[in-house]
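Visitor: Listed below are the residues making up each chain.
2 protein chains.
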Amino acid sequence: MKTAVADMLGIEYPILAFSHCRDVVAAVTNAGGFGVLGAVAHTPEQLEIDLTWIDEHVGGKPYGVDLLLPQKYEGADQGGLDRDALRQLLPAEQQAFVDDIMARYQVPQLDDEQREAVSRLGGMNVSPKGYEPLLDVAFDHPIKLIASALGPPPAALIERAHAAGVVVAALAGTKEHALRHQEIGVDIIVAQGTEGGGHTGEVATMVLVPEVVDAVAPTPVLAAGGIGNGRQVAAAMALGAQGIWCGSVWLTTEEAETQPVIKEKYLAARSKDTVRSRSITGKPARMLKTKWTEEWERPDGPGPLGMPLQPLLVSEAQARINRAANTPGSGAQELATYFVGQVVGQMNVSKKAGQVVLDMVEEYADVVLRFAEEAAETSA
Amino acid sequence: MKTAVADMLGIEYPILAFSHCRDVVAAVTNAGGFGVLGAVAHTPEQLEIDLTWIDEHVGGKPYGVDLLLPQKYEGADQGGLDRDALRQLLPAEQQAFVDDIMARYQVPQLDDEQREAVSRLGGMNVSPKGYEPLLDVAFDHPIKLIASALGPPPAALIERAHAAGVVVAALAGTKEHALRHQEIGVDIIVAQGTEGGGHTGEVATMVLVPEVVDAVAPTPVLAAGGIGNGRQVAAAMALGAQGIWCGSVWLTTEEAETQPVIKEKYLAARSKDTVRSRSITGKPARMLKTKWTEEWERPDGPGPLGMPLQPLLVSEAQARINRAANTPGSGAQELATYFVGQVVGQMNVSKKAGQVVLDMVEEYADVVLRFAEEAAETSA
Numbered sequence: 113m114k115t116a117v118a119d120m121l122g123i124e125y126p127i128l129a130f131s132h133c134r135d136v137v138a139a140v141t142n143a144g145g146f147g148v149l150g151a152v153a154h155t156p157e158q159l160e161i162d163l164t165w166i167d168e169h170v171g172g173k174p175y176g177v178d179l180l181l182p183q184k185y186e187g188a189d190q191g192g193l194d195r196d197a198l199r200q201l202l203p204a205e206q207q208a209f210v211d212d213i214m215a216r217y218q219v220p221q222l223d224d225e226q227r228e229a230v231s232r233l234g235g236m237n238v239s240p241k242g243y244e245p246l247l248d249v250a251f252d253h254p255i256k257l258i259a260s261a262l263g264p265p266p267a268a269l270i271e272r273a274h275a276a277g278v279v280v281a282a283l284a285g286t287k288e289h290a291l292r293h294q295e296i297g298v299d300i301i302v303a304q305g306t307e308g309g310g311h312t313g314e315v316a317t318m319v320l321v322p323e324v325v326d327a328v329a330p331t332p333v334l335a336a337g338g339i340g341n342g343r344q345v346a347a348a349m350a351l352g353a354q355g356i357w358c359g360s361v362w363l364t365t366e367e368a369e370t371q372p373v374i375k376e377k378y379l380a381a382r383s384k385d386t387v388r389s390r391s392i393t394g395k396p397a398r399m400l401k402t403k404w405t406e407e408w409e410r411p412d413g414p415g416p417l418g419m420p421l422q423p424l425l426v427s428e429a430q431a432r433i434n435r436a437a438n439t440p441g442s443g444a445q446e447l448a449t450y451f452v453g454q455v456v457g458q459m460n461v462s463k464k465a466g467q468v469v470l471d472m473v474e475e476y477a478d479v480v481l482r483f484a485e486e487a488a489e490t491s492a
Numbered sequence: 113m114k115t116a117v118a119d120m121l122g123i124e125y126p127i128l129a130f131s132h133c134r135d136v137v138a139a140v141t142n143a144g145g146f147g148v149l150g151a152v153a154h155t156p157e158q159l160e161i162d163l164t165w166i167d168e169h170v171g172g173k174p175y176g177v178d179l180l181l182p183q184k185y186e187g188a189d190q191g192g193l194d195r196d197a198l199r200q201l202l203p204a205e206q207q208a209f210v211d212d213i214m215a216r217y218q219v220p221q222l223d224d225e226q227r228e229a230v231s232r233l234g235g236m237n238v239s240p241k242g243y244e245p246l247l248d249v250a251f252d253h254p255i256k257l258i259a260s261a262l263g264p265p266p267a268a269l270i271e272r273a274h275a276a277g278v279v280v281a282a283l284a285g286t287k288e289h290a291l292r293h294q295e296i297g298v299d300i301i302v303a304q305g306t307e308g309g310g311h312t313g314e315v316a317t318m319v320l321v322p323e324v325v326d327a328v329a330p331t332p333v334l335a336a337g338g339i340g341n342g343r344q345v346a347a348a349m350a351l352g353a354q355g356i357w358c359g360s361v362w363l364t365t366e367e368a369e370t371q372p373v374i375k376e377k378y379l380a381a382r383s384k385d386t387v388r389s390r391s392i393t394g395k396p397a398r399m400l401k402t403k404w405t406e407e408w409e410r411p412d413g414p415g416p417l418g419m420p421l422q423p424l425l426v427s428e429a430q431a432r433i434n435r436a437a438n439t440p441g442s443g444a445q446e447l448a449t450y451f452v453g454q455v456v457g458q459m460n461v462s463k464k465a466g467q468v469v470l471d472m473v474e475e476y477a478d479v480v481l482r483f484a485e486e487a488a489e490t491s492a
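Chains Y and Z, in that order, give the protein sequences.
Here our numbering is used: the first residue of the first sequence is 113, the next is one more, and so on.
Here our numbering is used: the first residue of the second sequence is 113, the next is one more, and so on.
Treat the hints with care, since some could be wrong.
All copies of an identical chain are treated as equivalent in the list; a pair is satisfied when it fits inside any one copy or across any two copies.
The list that follows gives simulated cross-link-like pairs (lysine-lysine, DSSO-like), each with its CA atoms no further than 27 Å apart [to be verified]:
(1) LYS184 <-> LYS384
(2) LYS241 <-> LYS464
(3) LYS256 <-> LYS401
(4) LYS401 <-> LYS384
(5) LYS114 <-> LYS184
(6) LYS241 <-> LYS384
(7) LYS184 <-> LYS463
Please keep in mind that the hints were generated in silico from the structure rather than gathered at the bench.
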């Protein structure tokens, strides 16, 4: 697994782990992989705390930070709107639809203090006003990589990163996105197939990866989407990737701060139990199929809003659901969902994050040996 | 590539090629792979002609036949209905919708003779009344494999096949389908990911193949969906498959009887230009996104019928479109679509079918060598 990406990042295994949880980031980095902290919903204060904690736990080993830098979102032409300005744009129809869901599923209200706490959370920091303060925090730490999980990194960010010796990665769901990333100077393209969790396109990893590899060569490509074990890592490498990027598989690890009811749903879910839905972020993102995603797909419903209006619309409802979801048999339990890819079907046991890395590497090595034996037989 | 499937079928490369075109079937078999003739729309007379032709061209090398054996279809409880009985079930709303599409896109009518020819065609032989005569023809030829591309093969068919030394394969889009196939005695499971052309489920190949391999072991599994080059074959083998099954990649070969306008669309299409649509067969099948698929997705439209009503509803319209589609700038040209998987994005040059097999094998061998070198470096 001595690939260009492993060299570039100074790591043993080019296995990049996306997680919102600092414990996972540190565990993967310490196991020889590379942890990437998803920070889009962090406040700058919380990000400072988390990165300091990571610095204290990885002993100088490399890690990265991930943000969303979409080109298209409500208010983009004004460089982003503040939360109150955005709230003015929420249509009454969608607000009534959310209220109706909450009422029909009997999801308890928050008290004033809880509601206040929800409104203080970072939300989705997708405009420069939102993410610039996060970048300032990130660049004050010894990050080795900055990634855009949505949209092309702005030129200023690429310059700033390169001046600081920081590698820039960007996710791409189509060949066209990958070429655009390459053109603006992105160092590593993450080709993510539709089977991946979170924001994802329509083309599957098996097709997308070789297509992107061929299009952007010699820029290195990581495969993402559908990768959670060593055979899948080997498949990605066979397709021409220089490593892999995965996010779902960490959600059921012991370190993950996944809500218990969601963790249980993940462990029980089949690979066919996910859906691409705009119901949480406003852009298509893969998550568990639940009553929540079903409600938003109703033909008689108003349909979701765009980004960042939809997250603003549903943030309090999501908080209400998550607070109440641990009550067995509750409507909130039925509604509760979260991002995850189709590999959820193979996530059946909770393990340490470091163990997940080692299991991947071991199974990968088995496949390499199997191919080596085939090569030996063929030449014999 | 000496796998269990290669041994079972007596072939050099476990590369199975699904095609409606006898020339492709023979070419792949002659190149060391294994051709499978898709016969669902054949009349028994036409199948007899095609299989005789194949026998004359493969010099005793093995090939197979593929049918659709769905459990659920209109009239299934009566063992299938004849065409006139089915016609009585076509709702006026959908008939008017089809007429409206034809009118708005100015697709010329057929003359009486052409219309008569369309109604004589085999259509979709998905009930026992339809496929039993085809099986009788197939078993009169030295077929080595019978495959069900949709639904579990009936017990009587499995018995008949095994008594005749014929291997039974069945496509599965979920682990559950694969387990059902295994339980009833299917010899080879074809795990087909959502990226595949034609009837396909929602789970991607990268996730589905290892899941099915683990579930049905030691029954051998072929990977299908998203496979059109040697890196993808190697990825499939890394995932644990014993070979691959592919259909799309033959549609642009020199031997394929693909309509010229469709062939041009395939050669120009990007990987994101396909969609799963029920608009032709009544069950979700991946095909080129065109005005036809768009029309059927209109929220104000009646939506497609089930199988086999939808094919009956649209067969004449499809014939009208296909007859007129070669006229540049015509509505028929805009509407024309056909089944294909996401690998259409990499189908950019028309080649001989045998050459496609050899290119796959060569690129596969390159990947095997790359892994062998990695194994040698690691152990050094």
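Visitor: Given a CA cutoff of 27 Å, do LYS401 and LYS384 count as a within-copy pair, a between-copy pair, both, or neither?
Guide: both (9 Å within a copy, 23 Å between copies)
Visitor: As a check of your reading, is LYS256 near LYS401 (CA-CA no more than 27 Å) within one copy, between copies, both or neither?
Guide: neither (35 Å within a copy, 41 Å between copies)
Visitor: How would you classify LYS184 and LYS463 at a CA-CA limit of 27 Å: within, between, both, or neither?
Guide: This pair counts as neither: shortest intra-copy Cα distance 38 Å, inter-copy 41 Å.
Visitor: Quick one: LYS241 to LYS464, C-alpha cut-off 27 Å, is that within a copy, between copies, both, or neither?
Guide: Neither way: LYS241 and LYS464 sit 36 Å apart in one copy and 56 Å across, limit 27 Å.
Visitor: Evaluate LYS184 and LYS384 at a C-alpha cut-off of 27 Å and name the case that applies: within, between, both or neither.
Guide: between (30 Å within a copy, 20 Å between copies)
Visitor: First find the shortest C-alpha distance between LYS241 and LYS384 inside one copy, then the shortest across copies, and answer within, between, both or neither for a cut-off of 27 Å.
Guide: Intra 38 Å, inter 33 Å, cutoff 27 Å: neither.
Visitor: At most 27 Å between alpha carbons: which applies to LYS114 and LYS184, within, between, both or neither?
Guide: neither (37 Å within a copy, 50 Å between copies)
Against the hints set out earlier in the document, violations occur for numbers 2, 3, 5, 6, 7.
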